[in-house]
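Chains A and B, in that order, give the protein sequences.
Be aware that the first sequence starts at 94, since it is given in the working numbering, and climbs by one per residue.
Be aware that the second sequence starts at 5, since it is given in the working numbering, and climbs by one per residue.
Quick caveat, the hints were computed from the structure, so don't treat them as lab data.
If you're wondering where the values come from, they're calculated on a predicted model, not measured in any experiment.
Treat the hints with caution; some may be incorrect.
[Said to hold, decoys possible] Here are the computed lysine-lysine pairs in the DSSO-like style, where the Cα-Cα straight-line distance is at most 27 Å: (1) B:K337 to A:K114; (2) A:K114 to A:K251; (3) A:K114 to B:K6; (4) B:K352 to A:K191; (5) A:K251 to B:K6; (6) A:K120 to B:K420; (7) A:K194 to B:K6.
[Claimed, not checked] Residues from chain A that keep clear of chain B, each with C-beta distances beyond 12 Å, as calculated: (8) L109; (9) S157; (10) G165; (11) N192; (12) N195; (13) E227; (14) Y234; (15) G241; (16) A265; (17) Y271; (18) H277; (19) D292; (20) K385; (21) Y493; (22) K557.
[As the list claims (entries may be wrong)] Simulated DEER-style distance windows between Cβ atoms: (23) B:I446 to A:S157: 54 to 60 Å; (24) B:A195 to A:S157: 43 to 49 Å; (25) B:I276 to A:N143: 38 to 44 Å; (26) B:I36 to A:V128: 46 to 52 Å; (27) A:D561 to B:A46: 54 to 60 Å.
We put the beta carbon where it would ideally sit given N, CA and C, even for glycine.
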Amino acid sequence: MITLLLIFFPLVAAMLLLLVKGEQVKKIALGAAIVEFAISIGALFLFQKNADTQFELNYPWIRSMGINFHVGMDGISLLLVLLTTFLVPVIILTSFNKNHKNPSTFYLLILAMQFALVGVFVSLDGFLFYVFWELALIPIYFICLLWGGDDRARITFKFFVYTLAGSLLMLAGLIYLYQFTPNHTFDIAALYAAGQSLDAAHQGYVFWAMFMAFAIKMPVFPFHTWQPDTYTTAPTQGTMLLSGIMLKMGTYGVIRWLLPVAPLGVEHWAHFAIVLAVIGILYASTIAIAQKDFKRLIAYSSIAHVGLIAAGILAGNVQGVQGSMIQMLSHGVNVVGLFFIVDMLESRFNTRELHAMGGIRNVNPQFAVLFLIVLLGSVALPLTNGFVGEFLLLNGVYQYNAWIAAFAGISVILGAVYMLRSYQSIMLGETNAMTASFAPLTGSEKAVLVIICAAIIAFGVYPKPLLDIAEPSVIKLVEGFKLAIGK
Amino acid sequence: MKALILLSSLGVIALLAEIFSFKKLLYPLVIIGLITTFIFNAFDWGTDRIYFNMMRYDDFAVAFSSVLIGVSFLWFIMADGFFKEESNMTDYFALVIFSLAGAVIMVSYSNMAMLFLGIEILSIPMYVLAGSKKDDVLSNEAGFKYLIMGAFASGFLLFGIALIYGATGSFDIVEIAQTVAAGAASSIFYAGLLLMLVGMAFKVSAAPFHFWAPDVYQGAPTPVTAYMATIVKTAAFAAFLRLFYTCFQGSAATWTSIVVVMAGLTMLAGNITAVLQTSAKRMLAYSSVAHAGYMLLGLVALNQYSQGSILMYTLAYSVGSITSFGVLGYVAKAKGGDAVDSFNGLAKTNPFLAFVMTVALLSLAGIPPTAGFFAKYYIFTAAFQAGHAWLVLVAILASLIGVYYYFRIIIAMYFKHSNLEVTIEVSANHKLLFVITVLLTIALGLMPDFVIGLL
């Protein structure tokens with residue numbers, strides 16, 4: 094029951110927003126998002142820490158095609174649901190200083206997005222997964238289109254077509270598997286069995302059909318070309334939704350669907366895909382170093398981070414997958430923090446150019462500290478949340494192939510270079526006329542940054558509770574994977 | 005059979021309205037008549053009766069008749085303006101209703117003669133209606149072109165029927181199938197089959213026989229275009245499917261490869277040409293050609309999913325088309341042109357119309373959770389299970405192209421600004437119509453099983 098509540102509560106709340114006019118909308122949306130977070134915390138307490146799928150519900154939906162409304166959560170799903178329900182209120186809070194036009198539509202779309210995202214993370218039916226996956230695209234498309242920056246029509250359209258092309262391939266893959274299920278059903282277990290019964294070559298086709306969808310969503314090099322433009326043009330909250338949560342749909346898809354459904358395909362192509370991911374890490378990091386626009390820099394850094402997550406998952410060992418789980422959460426929190434800092438700077442100075450800023454630390458030391466914590470989390474300093482995930486990921490990749498891990502490891506150094514460089518040029522140095530006017534932080538800004546910094550430090554110092562939730566499910570998944578490839 | 009009798013009587017009543025001067029009552033009378041017909045038609049469900057070896061009211065016929073009558077009900081609400089302004093409105097009523105009766109024959113025939121009669125009863129009123137704007141050159145061109153092309157197609161069809169009769173000695177579609185199954189098919193039979201295939205391809209505007217469609221669709225008055233895109237297309241496809249599913253299934257090896265090529269060509273030609281259009285009406289015309297291509301997938305599949313998937317597709321596509329042509333009518337009237345640019349800034353002046361149009365376009369583009377998505381999904385699955393994986397791949401690529409031009413309108417509505425900002429007044433019954441179509445689009449998307457399960 095709690096799963097249904099988690100899925101549909103945001104949708105109902107979104108519909109109710111239509112009845113509200115004016116300033117109240119923000120507060121009601123925030124209230125709804127907090128209630129949703131409370132529900133997910135409730136689920137966390139009810140959750141038994143084992144590998145079983147819990148809170149499972151299975152209703153027939155389209156009988157003639159063997160499609161069921163089958164939802165449930167294991168540790169992996171629960172963590173991502175928690176990430177979603179944690180980030181959405183934070184994202185809504187980040188918009189408190191802004192007055193978007195048509196506020197009720199704006200928050201309606203954010204909550205509708207949450208509905209689809211939670212749906213993606215709890216679906217246990219291939220078709221249902223696909224429907225939620227596509228549903229998530231529509232609100233974000235309109236958020237980017239209606240509230241985005243210059244040239245948004247062209248850029249969001251490119252984003253839309255890219256991701257739609259990917260998901261259609263995934264649908265083709267799912268239908269292909271569906272053909273091999275004994276009594277024609279999209280149920281996850283039947284699809285797993287159908288996929289594993291195929292020979293290696295056919296699993297390779299399935300791998301590519303589904304991997305394309307996930308790789309575009311994440312995005313992995315060379316399918317990333319939509320990402321920097323879209324992240325830069327989207328309104329801040331849209332960027333946060335895209336990078337903080339939506340990106341995880343791709344990585345989650347690899348864990349939940351790709352590894353179990355086409356294990357031999359993964360084994361055969363993983364090397365190639367990991368090399369792509371690592372190329373993406375180095376490429377994006379290098380470009381990030383050369384960026385002048387802070388928002389664009391973070392967009393590229395996101396490609397680098399997600400590349401490492403993808404490599405870790407595809408390595409197919411416990412450390413890699415477990416690291417990716419942690420890193421998904423950390424990256425979600427950190428990137429939302431970073432984009433919020435971009436937004437704060439932009440709303441004060443009307444620019445995102447790094448070289449135009451400087452010396453803000455002298456004006457507002459409090460902001461300097463909070464920014465530094467977010468930044469350190471992002472460069473994966475020990476005792477921040479980024480470290481745990483990145484360490485496990487590199488460890489996982491190292492077990493797969495030491496050379497690849499060595500190259501992937503460079504990303505940590507490059508990450509430190511571009512992040513510290515941007516910190517330097519924004520916060521340190523001489524205060525100029527523009528930055529001297531840095532307005533003090535408002536209440537909601539402080540609240541967002543403090544929440545994010547608290548999360549960064551808390552899970553950096555003591556990550557065990559999070560690790561424990563996912564661990565049994567991850568071990569079960571990886572063991573299943575290894576069994577299927579015969580190792 | 006009840007539906008056919010009721011519709012024919014309704015047509016006659018429409019003609020009498022001129023003589024006995026109850027013209028003002030005619031519109032409500034037709035609406036009530038359609039509702040009654042819909043209900044009585046539903047009573048035929050599951051009876052499977054054969055009338056005089058000419059018509060067979062099986063579930064297929066009843067289901068498609070229901071779609072036809074239901075969609076024409078929506079169409080009458082949409083096209084009320086079409087009947088108000090003209091002095092010869094009773095003729096128009098009669099023509100439309102008679103053509104609807106023809107459509108019902110086309111979905112319920114069991115004899116080739118009835119197929120031909122149905123097509124003619126459907127088509128001849130359409131020739132007149134396409135040219136009904138008498139002082140408009142484009143409308144005249146549309147009527148004339150439609151007549152010539154329609155006559156050609158009928159010629160092919162009739163020639164094909166004659167050859168098949170020569171080869172098998174029967175007009176009855178079941179008997180023909182049995183004769184062929186008994187091994188009596190000669191080369192004359194196959195020649196006849198191919199001629200009929202060409203004739204039907206003309207009627208459903210499948211490539212390479214689709215060239216008439218865009219001109220006719222663009223030139224005809226918008227309500228008539230909507231009628232052709234929905235009712236005529238549904239009836240033609242149902243007839244096509246009934247013929248090839250029942251009668252020619254045994255000789256599938258000869259014609260499936262041809263239809264596969266046709267389907268691929270139609271999808272690509274329709275979608276690619278639609279991208280290049282500046283007129284929204286012409287774009288929708290090409291998109292209608294493209295949709296014929298997707299529906300051909302259901303025909304080549306030739307398995308237990310064919311009928312259900314085409315039923316779903318025609319319904320989803322008709323509902324989407326009625327809405328989009330309805331909104332287009334408003335926009336074209338307000339802005340004085342049907343270019344894609346006339347949709348600029350619609351979201352600002354008329355958020356309701358923009359939203360309705362968006363839902364319809366998302367459905368036509370096949371984005372979940374709309375009806376159009378499930379329609380595409382079922383039809384693709386049907387073709388996939390029949391082993392046409394490559395064709396499905398082409399169809400997926402083609403739908404991506406489709407997304408491009410449907411979104412052009414969405415982008416224009418929400419993103420672009422217009423110099424000519426007029427708030428369009430939407431009449432109350434059209435508002436109701438749009439609410440119904442939007443709800444229907446979403447309801448069919450959430451519960452597609454209801455329609456698919458019928459056949």
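Going through the hints against the structure:
1. B:K337 to A:K114: violated (32 Å)
2. A:K114 to A:K251: Roughly 33 Å between the alpha carbons, so the hint for A:K114 and A:K251 is violated.
3. A:K114 to B:K6: Outside the cut-off at roughly 52 Å; violated.
4. B:K352 to A:K191: holds (21 Å)
5. A:K251 to B:K6: violated (52 Å)
6. A:K120 to B:K420: Cα-Cα ~31 Å, so violated.
7. A:K194 to B:K6: The hint is violated at about 55 Å.
8. L109: holds (18 Å)
9. S157: The claim breaks: A:S157 does not keep its Cβ more than 12 Å from every Cβ of chain B (closest is about 5 Å).
10. G165: holds (21 Å)
11. N192: Given a closest Cβ separation of 18 Å, the condition holds.
12. N195: A:N195 not clear of chain B: closest Cβ-Cβ about 9 Å, inside 12 Å.
13. E227: violated (5 Å)
14. Y234: Answer for A:Y234: violated, closest chain B Cβ roughly 9 Å.
15. G241: With a cut-off of 12 Å, A:G241 comes too close to chain B, as the shortest Cβ separation is near 9 Å.
16. A265: The assertion about A:A265 is violated, with a minimum of 6 Å to chain B.
17. Y271: violated (8 Å)
18. H277: Given a closest Cβ separation of 9 Å, the condition is violated.
19. D292: Answer for A:D292: holds, closest chain B Cβ roughly 17 Å.
20. K385: For A:K385, whose nearest Cβ neighbour in chain B is about 27 Å away, the distance exceeds 12 Å, so it holds.
21. Y493: The claim stands: A:Y493 keeps its Cβ more than 12 Å from every Cβ of chain B (closest is about 33 Å).
22. K557: holds (39 Å)
23. B:I446 to A:S157: 54 to 60 Å: violated (20 Å)
24. B:A195 to A:S157: 43 to 49 Å: At roughly 38 Å between Cβ atoms, A:S157 and B:A195 fall outside 43 to 49 Å, so the hint is violated.
25. B:I276 to A:N143: 38 to 44 Å: Once the Cβ atoms are compared, 54 Å apart, the range 38 to 44 Å for A:N143 and B:I276 is violated.
26. B:I36 to A:V128: 46 to 52 Å: holds (49 Å)
27. A:D561 to B:A46: 54 to 60 Å: Given about 59 Å between the Cβ atoms, the range holds.
Comparing the model with each earlier hint shows violations of hints 1, 2, 3, 5, 6, 7, 9, 12, 13, 14, 15, 16, 17, 18, 23, 24, 25; every other hint is respected.
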